[in-house]
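Once you have looked at the hints, place chains B and C on chain A.
Chains as they are written, first to last, in numbering that gives the first Met the number 0: chain A, 0 to 310; chain B, 0 to 296; chain C, 0 to 552.
One or more hints might be untrue.
What the hints assert, rightly or not - Which bits of chain B does chain A cover? Going by a derived footprint, with three or more residues having C-beta under 8 angstroms, they are:
(1) 260–269
(2) 275–283
Stated by the list, open to error - Derived pair list, reagent style DSSO-like, types lysine-lysine, alpha-carbon separation capped at 27 angstroms:
(3) LYS38(A) x LYS320(C)
(4) LYS121(A) x LYS29(B)
(5) LYS146(C) x LYS46(A)
(6) LYS318(C) x LYS38(A)
(7) LYS293(C) x LYS550(C)
Said to hold, decoys possible - Restraint-style ranges between C-beta atoms, simulated for each label pair:
(8) PRO472(C) x ASP55(A): 28 to 38 angstroms
(9) LEU48(B) x PRO522(C): 48 to 58 angstroms
(10) ARG224(A) x ILE53(B): 49 to 59 angstroms
(11) PHE42(B) x TRP59(A): 50 to 60 angstroms
(12) ILE53(B) x GLY443(C): 39 to 49 angstroms
(13) PRO294(C) x VAL17(A): 51 to 61 angstroms
(14) ILE53(B) x ARG473(C): 53 to 63 angstroms
(15) GLY443(C) x TYR62(A): 35 to 45 angstroms
(16) CYS44(B) x HIS316(C): 37 to 47 angstroms
(17) LYS293(C) x ILE273(B): 30 to 40 angstroms
For the record, the hints were derived by calculation from the structure and aren't laboratory data. Even glycine gets a Cβ: it sits at the ideal position worked out from N, Cα and C.
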Amino acid sequence: MFRFILSRLLQAIPVLLVVITATFFLVRAAPGGPFSAEKAVPPEVIKALEAQYKLDQPVWQQYISYLGDLAQGDFGPSFRYPGRTVDELIYGGLPITAELALYAMLVAIIIGVSAGVFAALKPNTPQDYVPMSAAMVGICMPSFLMGPLLVLIFGIWLEWLPVSGWGDLPGDKLLPAITLGTGYAAFLARLSRGGMLEVMSQDYIRTARAKGLPEWVVVLKHGLRGGLIPVVAFLGPAFAGLLSGSFVVETIFQIPGLGRFYVQAAFNRDYTMILGTTVFFATLIILFNLLSDIIAVWINPKLRHQVQGGS
Amino acid sequence: MSEPMVMSNNIEQAEKGTSLWQDAWIRLRKNKLALFGLGVIVFLCIIALLTPLIAPYGYEEQDLVLGASPPSAEHWLGTDIFGRDMLTRIMYGSRVSLMVGFIATGVALVIGVLWGTIAGYAGGRVDAVMMRLVDILYALPFMIFIILLMVIFGRNILLLFLAIGAVEWLTMARIVRGQVLSLRRQEFIEAAVSLGLSRWTIIRRHLIPNTLGPVIVYTTLTIPSVMLLEAFLSFLGLGIQPPQSSWGLLISYGVETMEEYPWLLLFPGLTLSITLFALNFLGDGLRDALDVRSSKD
Amino acid sequence: MPMQKNNNLRTTALLFTWLVFISLVGCSGGENNVTTGNRDGILHWGNGTDPQELDPHIITGIPEHHILTALLEGLVAKDPATLEPIPAVAKSWNISSDGKTYTFQLRHNAVWSNGDPVTSHDFAWSWWRALQPALGNQYAYMLFPIKNSEAYAKGEIDDFSKVGVKVIDDYTLEVELNNATPYFLQLLDHYSMFPVHRPTIEKFGKPDERGSLWTRPGNFVGNGPFTLKEWKLFKRVDVVKNPQYWDANKVKLNGIRFHPIENVTTEERMFRSGQLHHTASIPIDKVATYKKDKPHLLHTYPYLGNYFYRINTTLPHLKDKRVRQALAMSINSKQLTEQVTKGGEVPAYTFTPPDTLGYTAKSAFEFNPEKAKQLLADAGFPNGEGFPVTELLYNTSEGHRKIAVAIQQMWNQYLGVNIILNNQDWKVYLDSVNNGDYTIARAGWIGDYVDPNTFLDMWVKDGGNNRTGWSNPRYDELILKLAPKTADRNLRYQLMAEAEAILLEDMPIIPIYIYNSKSLVHPSLKGLQPNILNYVLYKNLSLDTNLSGVKLN
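Next comes chain A alone, as it looks inside the complex:
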């Protein structure tokens, strides 16, 4: 098991390096520099600015020194916010995006899994069709459509919930979490239904029932464990999706999270910020995928033996 984890970790490093390098040179290739302004900037000022941000050095040199800084955990100064470092901005936005992702995931898991399991218990009846069709709607309605619609209905017409912000007004976390989580709820519903269906037809379930165990024990204790395997496997890639989903949701609801920073940084040509967030996201995604793989292996006895026995 340990070797498995270690080898995966080691494999992650070249991936990260590729990401960093690609982003670094892509960003430098972009037209539109960070210091372009509407009122003409005097050349001596541009020179001074470039010197300070080391933009006057040859690109290779900049790359090497950036890698060096990165190894020490220093993401560099932000171009757009002169007094701030990228680390500061990332760590400022991270808790917010993390919270949003967490709530969205909670919404997704609770609603999705319950709906899926519920549907799986009586396949091909209305108890099945209704949740699954609702799930389909959830998948087909993009977050940038659902979000504004929810805002329109609950924020403007009914005035039950705030239309923007995060943590400023009571209840302003609900709509963003729902908007981001619904697509995943739908997916999880389908996955867990599928998983449950497969598991519930297995022999050991019949054995458990024959033993006289109450149904809910059968479902929760025996069925869920197996049925949730596909769900757990899905969580890793889902996380990546949540991050990119956060771009839109944070924009719609004006949430000061990492997703919105990234989009703005791209538009503002804030090189260090773009690089920093990309590296950060990539690291997170890789870590999460690794975690998800590990958990999937752990949960599934077959795979676990394979990994422990083999290489």
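Below, chains B and C without anything else, positioned relative to chain A:
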């Protein structure tokens, strides 16, 4: 697979009964939702193709005096703030959205199928390396790269196709490879090899046609996620650029004015959702129809 | 048996969901910002984008300006009604007869927020700092009327004592200018001319170090009516009343909260739910509704700026001024402002906005499609035949797009000319224009001070903001040599009008409309005085608690 495959250029009928494809078609017909999906898609494609002929108004035809107006007899879906007919805009938008959907999926398809087939058939180290690459790419935060690419290189519609296609081919490759791996051990492939057919011929004539089932299913399911991706990018301002219009762009305009003119958001939103709905149902139906063993999900 | 399990499952699921719901929603209720703000004397101000920095020698934007004018004060301020200079840190001043030497008497009771007195040394040092190249101060040019300051900034002279700033004593400052600059006093109210607290800056790093920690809450020392209490990036900037401020008893507000809200639609919704007293802007599509139903909430006023199109005159088909005039005369700006922008803007037929401190240039053209067609034909493109494909560039924004689309149609309709539209995002667009990589480009120019010079000195040959490739020797002579040396205002205005006439005759730019400032203002906010610079003097503002509950919908 329940029926033995016969060595030939096309998948031919077995001795008795129907072929796999006819079987699948019968099953598909029974699935009302999938048929509905198929109908919607066909309808949309026809409309999209015929748009320049049948659109009620010119694409950029403004009526500044009228401005935004709700649905009426002259404008079935209302007008936008420039007085442009929404029905026309949505029809033209369908051309772009569907085009992006099909072409980008096509890109993903070609790359994915080739990659998966070669990896699956070659096996060994080549396979390991190729799939490792897929695993690595899978881990990358693609959205971030796409955004970066779009911001850097401007919104070139060609680049859009490539970028989106480049994201979607990975799963296709995995699926195809899986299929090819299981096919490879089949006897008819061994027979083809012993007959001395070149590897490329085997790939082209026998492997690829037999992977068509899952490929078709997955393609049908990829199109909606591609369209979603394009709409997402356009919403952020990074996808299709005016004067072209896609549903995503129309939705983003609609969001801005959704309080005063909700129809500007509702109609494009509804159209996109229904299209995605239809494609997903169709894909699900195809999957059920083509894969005998899959449970009804 | 299945039934029972269903019930248990269902209840568990419901319980879970309810718990999550509760935790996310929290207890509802609570008063809105306007109510609490009026009660506590806190102004809630919608401030557009988040401030990049709070160092007056680094910043460039309007949101930053709003915050800094609360935290710092210059020698001279402006009367919000007339925009004439009023005493601030300087209680009085003398101007020499040739208009080149200003002597300021600073008041003795002006202090920094830590108790240190504000002296003329502070100003001299601050202006020295403002000129340091390493800071990257994009507004260093505001100081250039001061003798030798430009040379010093460019590194042509090394000795700051040669620059025309002299400390006569602690409370007397003498400034020598290159020329008699009539608008110099206005410049003193720009943040680049504000004083900064030397000991604080030096405590946190070198004076020309960009982005040191001296601007953080707790460190920032200022001499303005408010001090910096909190700066939560992307959330808010809070300032509180400065009891040390020399005019503190005139300040009626207890504090201001600046909300960084980039999205105008969100901002308008927040205003409607009573979360803001004042918005930075208003969505275009809502102007009509407000004008009709709630005109008392909508404040609009002309703004010292011009929305125009730049023409790249180096391109062969645009070299002929008749072509450019044709383009200008076929734009129906009136219809544009009435039906497209709908913000109450005034169509522009001159570049300098009319009545800029008494200066009004002569209208040089009008909407005349017949004449335009004729001019185009004379230039060799009858009915647009043979006119090469021309690209109109604008930076990505719905507003600019709407205008571009409308104008594209007008040019097509009246001249038979076909234009393709191209939009780039902000930074790319700036680069394109700066590099001359455009054919026709949308542009906007806001005056830095109220004087026609800020609009006209752009167009001199090779001027940094010119970028059209156009120049005219007589124009340069008028703007660079003759006008600056003329003391008499009327004569000066005559010279500038002559220059502007040349500009508008040759038309390297097409003025379209004069900007308009638009805000939504809650009735409980009193003391706002509209003016052409959208200039706000916070000391004049107050909040009326009785009007907290006014219906906004």
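Status of each hint after checking the structure:
1. Evaluation of the coverage hint for the stretch 260–269 of chain B: fulfilled, as 3 residues show C-beta separations to chain A shorter than 8 angstroms, against a requirement of three.
2. Residues of the stretch 275–283 of chain B with a Cβ under 8 angstroms from some Cβ of chain A number 4, which satisfies the need for three, so the listed coverage holds.
3. Among the hinted pairs, LYS38(A) with LYS320(C) is consistent with the structure: their alpha-carbon atoms are about 26 angstroms apart, no more than 27 angstroms.
4. As the CA atoms of LYS121(A) and LYS29(B) are separated by approximately 21 angstroms, the hinted pair is consistent with the 27 angstroms bound.
5. Of the supplied pair hints, the one linking LYS146(C) and LYS46(A) holds, its CA atoms being roughly 24 angstroms apart against a limit of 27 angstroms.
6. Distance restraint check for LYS318(C) and LYS38(A): the Cα-Cα separation of roughly 25 angstroms lies within the 27 angstroms cut-off, and the hinted pair is therefore satisfied.
7. Restraint check: the Cα-Cα separation between LYS293(C) and LYS550(C) comes to about 10 angstroms, which is no more than 27 angstroms; the hinted pair holds.
8. Against the hinted window of 28 to 38 angstroms, the Cβ-Cβ separation of PRO472(C) and ASP55(A) comes to about 37 angstroms, which satisfies the hint.
9. Checked against the hint of 48 to 58 angstroms, the C-beta distance between LEU48(B) and PRO522(C) comes to roughly 57 angstroms, which is consistent with it.
10. Evaluation of the 49 to 59 angstroms hint for ARG224(A) and ILE53(B) yields a pass: the beta carbon distance comes to about 56 angstroms.
11. In this structure the supplied range 50 to 60 angstroms holds for PHE42(B) paired with TRP59(A), their Cβ-Cβ distance being about 56 angstroms.
12. Distance hint for ILE53(B) and GLY443(C): a CB-CB separation of about 41 angstroms, consistent with the stated range 39 to 49 angstroms.
13. Distance hint check: the CB atoms of PRO294(C) and VAL17(A) are about 59 angstroms apart, consistent with the given range 51 to 61 angstroms.
14. Range check, ILE53(B) to ARG473(C): Cβ separation about 59 angstroms, and the 53 to 63 angstroms hint holds.
15. In this structure, GLY443(C) and TYR62(A) meet the distance hint of 35 to 45 angstroms, their C-beta atoms being roughly 37 angstroms apart.
16. Between CYS44(B) and HIS316(C) the CB atoms are about 42 angstroms apart, so this pair conforms to the stated range of 37 to 47 angstroms.
17. Checked against the given bound of 30 to 40 angstroms, the beta carbons of LYS293(C) and ILE273(B), roughly 38 angstroms apart, stay inside it.
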